[in-house]
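Trainee: Chain order of the listed sequences is A and B. Sequence positions in the first sequence follow the working numbering and run 6 to 203. Sequence positions in the second sequence follow the working numbering and run 6 to 203.
In short, the hints are calculated from the structure, not lab data. Among the clues, some could well be false.
Cut-off 30 Å, straight-line C-alpha distance, at most; resulting in silico cross-link-like pairs (BS3-like, lysine-lysine) [said to hold, decoys possible]: (1) A:LYS61 to B:LYS199; (2) B:LYS195 to A:LYS61; (3) A:LYS199 to B:LYS199; (4) A:LYS195 to B:LYS61.
2 protein chains.
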Amino acid sequence: MVDTGKRNIGAFTGLYPTPFVLCGTYDAEGRANLAALAWAGVCCSAPPALQISLRKSRHTYGSIVSRRAFTVNIPRADDARVADYCGLVSGRTHDKFAEAGLTPVRGEFADAPMVDEFPVCIECRLLHLLEIGSHDLFVGEILACWVRGSCLEPDGSVNPLRVSPIAFAPGDGRYYELGGSVGRAFDIGKSLIKAVEK
Amino acid sequence: MVDTGKRNIGAFTGLYPTPFVLCGTYDAEGRANLAALAWAGVCCSAPPALQISLRKSRHTYGSIVSRRAFTVNIPRADDARVADYCGLVSGRTHDKFAEAGLTPVRGEFADAPMVDEFPVCIECRLLHLLEIGSHDLFVGEILACWVRGSCLEPDGSVNPLRVSPIAFAPGDGRYYELGGSVGRAFDIGKSLIKAVEK
Numbered sequence: 006m007v008d009t010g011k012r013n014i015g016a017f018t019g020l021y022p023t024p025f026v027l028c029g030t031y032d033a034e035g036r037a038n039l040a041a042l043a044w045a046g047v048c049c050s051a052p053p054a055l056q057i058s059l060r061k062s063r064h065t066y067g068s069i070v071s072r073r074a075f076t077v078n079i080p081r082a083d084d085a086r087v088a089d090y091c092g093l094v095s096g097r098t099h100d101k102f103a104e105a106g107l108t109p110v111r112g113e114f115a116d117a118p119m120v121d122e123f124p125v126c127i128e129c130r131l132l133h134l135l136e137i138g139s140h141d142l143f144v145g146e147i148l149a150c151w152v153r154g155s156c157l158e159p160d161g162s163v164n165p166l167r168v169s170p171i172a173f174a175p176g177d178g179r180y181y182e183l184g185g186s187v188g189r190a191f192d193i194g195k196s197l198i199k200a201v202e203k
Numbered sequence: 006m007v008d009t010g011k012r013n014i015g016a017f018t019g020l021y022p023t024p025f026v027l028c029g030t031y032d033a034e035g036r037a038n039l040a041a042l043a044w045a046g047v048c049c050s051a052p053p054a055l056q057i058s059l060r061k062s063r064h065t066y067g068s069i070v071s072r073r074a075f076t077v078n079i080p081r082a083d084d085a086r087v088a089d090y091c092g093l094v095s096g097r098t099h100d101k102f103a104e105a106g107l108t109p110v111r112g113e114f115a116d117a118p119m120v121d122e123f124p125v126c127i128e129c130r131l132l133h134l135l136e137i138g139s140h141d142l143f144v145g146e147i148l149a150c151w152v153r154g155s156c157l158e159p160d161g162s163v164n165p166l167r168v169s170p171i172a173f174a175p176g177d178g179r180y181y182e183l184g185g186s187v188g189r190a191f192d193i194g195k196s197l198i199k200a201v202e203k
């Protein structure tokens, strides 16, 4: 660790961590499908919204455009193998739900299927589609967030370690689980405010 | 853990994990500033691009619009306190770099400052600004990704555990570090392909 200088590794998508999720849709034939992706993030609080980005070539792309709906389903670290499988084959020729042993549950608010086995499933309706390049960005308004009871605290908040989500690491190409907490947001920096005000 | 059913906790931004980063900008007076945020994600591979989302009220919002540039700086878990501090005060009235003990380094490709002490700094030029609601979404084309030498493998790829990034957990309101790897992307699902083909 002697070298603490930085190197420009080029125009690289080096954002850490990115969320590894499965996007659920119904296609033109009404078949439930899942797309694995990590180009995603929250993008608004009111209305609550998230973005997912997809290549035009993906089967899911047209399904979102025509149904104007999708779900975002968060696999547990223990689901990494089946979730990864959903990124290896196409919904055009594969019934990924059946092959991965997952159960589709029709959304209550959005015209898209959720993964019954996953701890968190988010229903979205399409708000915006922004063309960027290899990938286009879909903004989905969050209509509902379904959370497994065992992942909820008594006060109704989500316990992220019980969700056990998967992070994808660009470049490294590996999935990671969450480690320990390193503090509370909008809180641990307060000690520095006091130090600065002295 | 008896209850394995799901509960709809409402229109909640329950995406896990989200990346906790500092956005670097120069304001109208040329002062280097940092905005803490977790509403961010990769959104395109070619051109490489990421999105960050900000409230219109934030000082950084106008800085990005006028300079058409920003940086995304990834703090280590050990930097959680100083990074959190940057989310507690405004750049209108505070020199966050100085108060947090961070060193601004002028971007080489984008008109925005980077955090010298952080392991990964990404230079972006503004490609798109999409109005959504409480937050608007900025798409930045990635022009360079600076990585500390000690975070690079001999083959030049990034070792995410050495970066030691911070995940923010919506709802829980805590920061988390990365845990162990749970497998290789586009790889660990292959065993399921073989099982399905049998």
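Trainee: Indicate, hint by hint, whether the structure satisfies it.
Mentor: These are the hints, each one checked on the structure:
no.: 1; hint: A:LYS61 to B:LYS199; result: holds, 28 Å
no.: 2; hint: B:LYS195 to A:LYS61; result: holds, 24 Å
no.: 3; hint: A:LYS199 to B:LYS199; result: violated, 59 Å
no.: 4; hint: A:LYS195 to B:LYS61; result: holds, 24 Å
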